[in-house]
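Participant: Assemble the whole structure, with the sequences as input and the hints as a guide.
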Amino acid sequence: MLNRRTSAAALAVLALAATAACGKSGSPSASTDSSVKAAAYPVKTDAKLDGSPTIAAAKKRGKLVIGAKADQPFLGFEDVTTNTRNGFDIEVAKMVAADLGFSESQIEWKTIASANRETALSGGQIDYYVGTYSINDKRKAQVSFAGPYYIAGQDLLVRKDNSDITGPDATKGKNVCTATGSTSIDRIKTYGATVTAFDTYSQCVDKLLNKEVDAVTTDDAILMGYAAKNEGQLKVVGKPFSTEKYGVGLNKDDKVLRDAIDDALKAHEDNGDWKKAFDATLAKSGSAAPQPPALERY
Amino acid sequence: MGILFEDHNFSLFWHAFVQTIELSAASALLAIVLGTLLAACRVSPVPVLRAFGTVWIGVFRNTPLTLLFFAVTFGLPRVDVHLPAFLCAAVALGCYTASFVCEVLRAGINTIPIGQAEAARSLGMTFSQTLTLIVLPQAGRAVLGPMSSVFIALPRNSAIAGAFNVAELLSLQQTLSERGYAIFAIFFWIALAYLCISAAVGLAFRTLERKLAVAA
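First to last, the protein sequences are chains A and B.
Residue 298, in the working numbering, is where the first sequence stops; the numbers in between run on with no holes.
Residue 1216, in the working numbering, is where the second sequence stops; the numbers in between run on with no holes.
Quick caveat, the hints were computed from the structure, so don't treat them as lab data.
We put the CB at the ideal spot given by N, CA and C, even for glycine.
A hint or two may mislead.
Simulated restraints, written as ranges between beta carbons of each label pair [said to hold, decoys possible]:
{"id": "1", "chain 1": "B", "residue 1": "Leu1192", "chain 2": "A", "residue 2": "Thr243", "range": "34 to 40 Å"}
{"id": "2", "chain 1": "A", "residue 1": "Tyr298", "chain 2": "B", "residue 2": "Val1079", "range": "50 to 56 Å"}
{"id": "3", "chain 1": "A", "residue 1": "Thr111", "chain 2": "B", "residue 2": "Pro1045", "range": "50 to 56 Å"}
{"id": "4", "chain 1": "B", "residue 1": "Phe1005", "chain 2": "A", "residue 2": "Gln125", "range": "29 to 35 Å"}
Facilitator: Written as structure tokens, this is what we have:
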């Protein structure tokens, strides 16, 4: 009886799928240790932004709309239980907003996926974007960048007890996970790694904790966030092998706004707010704050 | 428009296109086999099999496909089952589509007059003989139309696999937009590729219908 045998097999699959669905999906939630706090940013009342259509529109609606990421722990993260956003990118976005003359309560956050950043900026859905946005020439043709406010580099995240992955050269034949479509894929492939690609880094981190992959690779800033979230279980190798300049993305035609954001970044880097923001967020991974990069005004 | 022909994008695109077709074909095969067996279960005289069919349909037709992908990709490793990504995707997609194939087939089976089955029984045929020789061939012809809808939806559903380590067409969008290409140009080519696949499936079913349809 072919029928009975195959249905028995099918039943087995179903049972398997059912048990699988019950699997624990727990990953430790972001640590809420707030011993180190980012600075409060005094709102500038005399910001001169005449000639910026973006700011004119924002003033009219009384709110600044900032695009950000919501799924990067300690970088750009939305805590839906408390309805707050936190992370290094969020702090940068806030300090810029303060210098543009907008208080925290006048900020409206919008989560924008990487693929939609250019359309959201040029379409005016958001006033500016802070979310691991690498400055490159192709993007410069569509949007403008202020900054860079941080220089990241592709790095590796491994389990704390791992001692054989010491850098990209040691990934040959290893299973390395990263996000679908990221430039990190192409680069790690040149070192001979086997690549696994998922939609989000948290899925990669899940596979790393479950020992199905040996490392997760992307910009060190993102990895630091996950190392901080999984304190004591994961570590960043700390040998970056690329250069990604994170900029604040804004509408291409708005030079006044671009200059104003550059000024704001400079001011907060000089007065120590930038370092305080780093210490309150990404430093929880065990990495010390680097020097802020030089701005590239254009 | 030139984005396909710069920076070796074409080989990427071609690879993604082939992956989508391979994944669709593999899961279609699984869906047809599994779906037919499920339909047989649902009309069988054995109560346990009928219950099994009903539960399968209930689970797989009502669960969001992404969740099924999650269960297979992140759930199975927790019970120490490690499958390659392509197989995970084919299993998730095949099991999901099988539930739709089953329901379409069952509708077809219901259109066959009960007298046909009774006649087969009176000739001494077993249940499986009645089903495979008399009922299913007629039912299959009757449902070609709705069946084509199921299989046109399949390649588009396969887009979810892109998020689960299968380099298919939709995940290519992320690669290209990360490289900085304009999103509309990217989607134009991807949409065109899906359209080609869907049109081919549609055409295949139209041909089948012309060849097999019974004159009313």
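Participant: So the hint says 29 to 35 Å: do the beta-carbon atoms of B/Phe1005 and A/Gln125 match that?
Facilitator: Holds, since B/Phe1005 and A/Gln125 (Cβ atoms, about 31 Å apart) stay within the stated range.
Participant: Taking the CB of A/Thr111 and the CB of B/Pro1045, does the distance hold inside 50 to 56 Å?
Facilitator: holds (54 Å)
Participant: So does B/Leu1192 sit 34 to 40 Å from A/Thr243, Cβ to Cβ?
Facilitator: holds (36 Å)
Participant: Range hint 50 to 56 Å: satisfied by the CB atoms of A/Tyr298 and B/Val1079?
Facilitator: holds (55 Å)
In this structure, every one of the numbered hints holds.
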